[in-house]
Amino acid sequence: MHISLKKEIERSNAGRVGLSLLLLVIAAAVLAPLLSSYDPGQQSVGSLLSPSGSHWLGTNHVGQDIWSQLLYGARTSLMVGFGVGIISLLLGILFGVSAALIGGLYDKIVMRVVDAFIVIPMVVVVILVAAYIKPDLPVLILLLAALSWQGGARVIRAQTLSLKESGHINASRMFGAGRFYVAWRHVLPDIVTILLVEFIYGVRRAVFMEAGLAFLGIGDPMLVSWGMMMRDAMSFSYLDVWQWWLVPAGVALSLTIIGLTFVSHAAEAALDPRLRGAEVA
Amino acid sequence: MLEISNLQVSYGNDIVLNGVDLRLSGGESLAIIGESGTGKTTLGLSIMRLTEGKVRGSIRFDEKDLLTLSDGEMQAIRWNRVAMVFQNVNNVLNPVHSILDQVAEPMIEHKLRNKDEARTKAGELLEQFGLSQKRFSAYPHQLSGGEQQRVLLAMALANEPDLLILDEPLSSLDVITRGELGDLLRTVGNHRARLVITHDLDTASRLADNLAVLYGGKIVEIGPTREILQRPRHPYTKALLRAYPNMTTVKDLQGIKGRMTRPVSGCPFHPRCTQAIDICSETIPPLTWSQGRGVACHRGGIVTLLSVANLSKAFNSLKAVDSVNLHIESGETLALVGQSGSGKTTLAKTIMGVYPQFDGTVYLEGEKVTSYGKDFYKRVQMIFQNPGESLSHRLSVLESVMEPLEIQAIGTEEQRREKAIQTIGEVELSRSDDFLHTYPHHLSGGELQRVAIARALVLDPDLLIADEPTAFLDASVGAKVLKLLLNLQEHRGLSMLYITHDIAAARKVSDRIAVMLDGRIIEEGPSNMIVTAPEQSYTQHLLGSASSLHLDNYT
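Protein sequences, first through last, are from chains A and B.
For the first sequence, position 189 matches number 189 in our numbering, and the numbering has no gaps at all.
For the second sequence, position 50 matches number 50 in our numbering, and the numbering has no gaps at all.
Just chain A, with the same shape it has in the complex:
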């Protein structure tokens, strides 16, 4: 009955690998100033330098230290990822739980809005909107969040609906509990694992979207980001610099997304014992 999510994730190999990767990226982002001696925006002596003792991964076309850019790029990725994850989760909870508990016309309206958003191809909309408004970091986070809470809301609503008919919530209503109390005291604690899975999923998608937008050159050009690094590196693909410019950025992005994927897989398996496979036997 009680699923200890932490334990379950730590128990699976994928979970352990995923968590390690994630921790690695987080450490890089947090410790960036300590791990590098250059400001990622600072233009140093020469451009397109090869890796050396002072510039581990060389410098880019405007003479910025690539290693610093890689570390600070993790900050951007994670900030966008977690920012979007949290906001879209909150929106998902707000609309999903309220739609399920209030029901009626309100439920219908919310769900139709959700449907409408889901059928719109998100990538295209984001690209169009971003190209038009040239978002800085907070606006980018809000934009991505506004377009990504719908799927979560739908799942949360479904879960809340099934919980709504369960005995203890029924009982709680019959002590005179209001919807807010029921949502806070009974629904959220019961769906906390699902929320976590939804959250990680949201983070992963946001990290990917941010990198993609930057790669396409949409967004704040002042922002250090893996996507932008790859884009810039691509223009110099005829030189050797791709080895220490393009590849590290691509690998960092891949590892982050793989890490998140592994953790969410492990969490999902923890939710549904049938997915645990041989471990049960």
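Honestly, the hints are just simulated from the structure, not real lab data.
Keep in mind that this is a model prediction, so the values were computed, not measured.
One or more of the hints may lead you astray.
Restraint-style ranges between C-beta atoms, simulated for each label pair [stated by the list, open to error]:
no.: 1; chain 1: A; residue 1: L142; chain 2: B; residue 2: H393; range: 33 to 39 Å
no.: 2; chain 1: B; residue 1: A471; chain 2: A; residue 2: G104; range: 31 to 37 Å
no.: 3; chain 1: B; residue 1: S5; chain 2: A; residue 2: G178; range: 55 to 61 Å
no.: 4; chain 1: A; residue 1: V129; chain 2: B; residue 2: A471; range: 41 to 47 Å
no.: 5; chain 1: B; residue 1: S10; chain 2: A; residue 2: G178; range: 54 to 60 Å
no.: 6; chain 1: A; residue 1: I120; chain 2: B; residue 2: S432; range: 57 to 63 Å
no.: 7; chain 1: A; residue 1: I120; chain 2: B; residue 2: A309; range: 32 to 38 Å
no.: 8; chain 1: A; residue 1: L255; chain 2: B; residue 2: A409; range: 49 to 55 Å
no.: 9; chain 1: A; residue 1: L142; chain 2: B; residue 2: A409; range: 34 to 40 Å
no.: 10; chain 1: A; residue 1: G178; chain 2: B; residue 2: N386; range: 20 to 26 Å
no.: 11; chain 1: B; residue 1: I522; chain 2: A; residue 2: I120; range: 56 to 62 Å
no.: 12; chain 1: A; residue 1: G178; chain 2: B; residue 2: A314; range: 26 to 32 Å
All C-beta atoms, glycine included, are put in the ideal place defined by N, C-alpha and C.
Starting from the structure of chain A, add chain B where the hints point.
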């Protein structure tokens, strides 16, 4: 013939009778019932002017106030016009005289007859009461209790009194003798006014056409015996009936909470009453008459706690509940019996306001329920079939029981805790810290249901709707839960709507049974009537299929 008004008797500071009004005409019979210590015997003794207490008010007998008569005048009335048979036969008869002499004595003493005539008359009386001539010369110690009682009755009738006061006339007798003597008293005493003082409902209903219920020195209910016993209107009368083992009712015996205390301000019964309100402890309720019945209760007698009128609930085209009318009185159990799919649970849920839309009206204490909110749920609570499901697996026992208080925002955290622990004790669960912090999946079914009951009761509701509370339990555990519910009813005066498919269980726990079929109530009445004389063939069918040990299969 006898008219008692505002009679007050006190022994020192102890007021035993407090403002009793009674009227008795010739040939009428009235039984005074009540628990011991309510002042029944004092009432009889006061009429005879034999009480040592201080008597105030008036007792008029044939227009003369007995309380103001001189001793000599009273002598003339005592035994001649008014005779009393005392309780406790052993002390009353003189051990050194034969019984014939003792029966003849009052006639001789009052110079109504000469000695021979008196003895002849005494013999006739004794024979009338079933004592043969051989026994006339016997001494009291040679007689059985029943025979002594017969002698006393003969003595009381010797001077042909107009008013006969019988204090526990049949109590010390075995049931067979009781039946014989009861019949005899009815015929012999038929043309005399009789005042029967007893704690025994059987005696009262045998000997008297009218009944007065005495409690704490006051008459709380008075009226025709049959009607009172069929449908008591004072909470005390009802409680008394429930506590009385008999062959008529089928519900398990229940006591009355608390003990009689004196003195009490306001209504004498209010400390034990389950429907007492503020005014009950402040002023004494007057005896008010309606429909031939007098009831002394501020609330006008037993309150109808919940009633539903024309309640219907349809799911699309299916009428799950169809024009149901029901009422539940304060402190009673109504069992709703029917097979699954008959709409019992839907009815309960509709009453509980689970469905936003339904037809008909629900009244709580006469007031229409217009919205289901905290106020309603504080008074009406429900427990469910499956206790495991109705408790959250994330809340400990204590947290679960505290939840309703939290929702209703009652008291401080500390007070809630205390109240919850007290209630957990009340449902006979452990109050140890270990248990309080146990989670539901470590509890047995019986424990779970008790926790659920505690959680429902922690708000001190007036009505508990129990939907098949034992369906998921073993018979032995289920029996304990039912017993618990009965006890809680006794202590808290809880009204219950007990929903079950099992009429065998229903008759043990309910005062009334309503039989439900296809969304309708097809039959409703006192449990004993439904069980012994069902009118509907469906009810008969239900009874026929009810749990039984089927011993006749093995002959």
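Verification of the hints:
1. A C-beta distance of roughly 37 Å is found between L142/A and H393/B, which places it inside the suggested range of 33 to 39 Å.
2. Separation of A471/B from G104/A is about 33 Å and conforms to the stated range, judged on CB atoms against 31 to 37 Å.
3. For the hinted restraint 55 to 61 Å between S5/B and G178/A, the CB-CB distance of approximately 58 Å keeps it satisfied.
4. Restraint check, V129/A to A471/B: a C-beta distance of roughly 58 Å breaks the suggested window 41 to 47 Å.
5. Take S10/B and G178/A: their Cβ atoms lie about 56 Å apart, and the range 54 to 60 Å holds.
6. Hint check: I120/A to S432/B, Cβ distance near 59 Å, so the stated range 57 to 63 Å holds.
7. The beta-carbon spacing between I120/A and A309/B, approximately 53 Å, falls outside the hinted interval of 32 to 38 Å.
8. The hint said 49 to 55 Å for the Cβ distance between L255/A and A409/B, and at roughly 51 Å that hint holds.
9. Take L142/A and A409/B: their Cβ atoms lie about 37 Å apart, and the range 34 to 40 Å holds.
10. Taken as a hint, the range 20 to 26 Å holds for the pair G178/A and N386/B, whose Cβ atoms sit roughly 25 Å apart.
11. Distance hint check: the CB atoms of I522/B and I120/A are about 58 Å apart, consistent with the given range 56 to 62 Å.
12. Distance hint check for G178/A and A314/B: the Cβ-Cβ separation is about 28 Å, which falls inside the suggested range of 26 to 32 Å.
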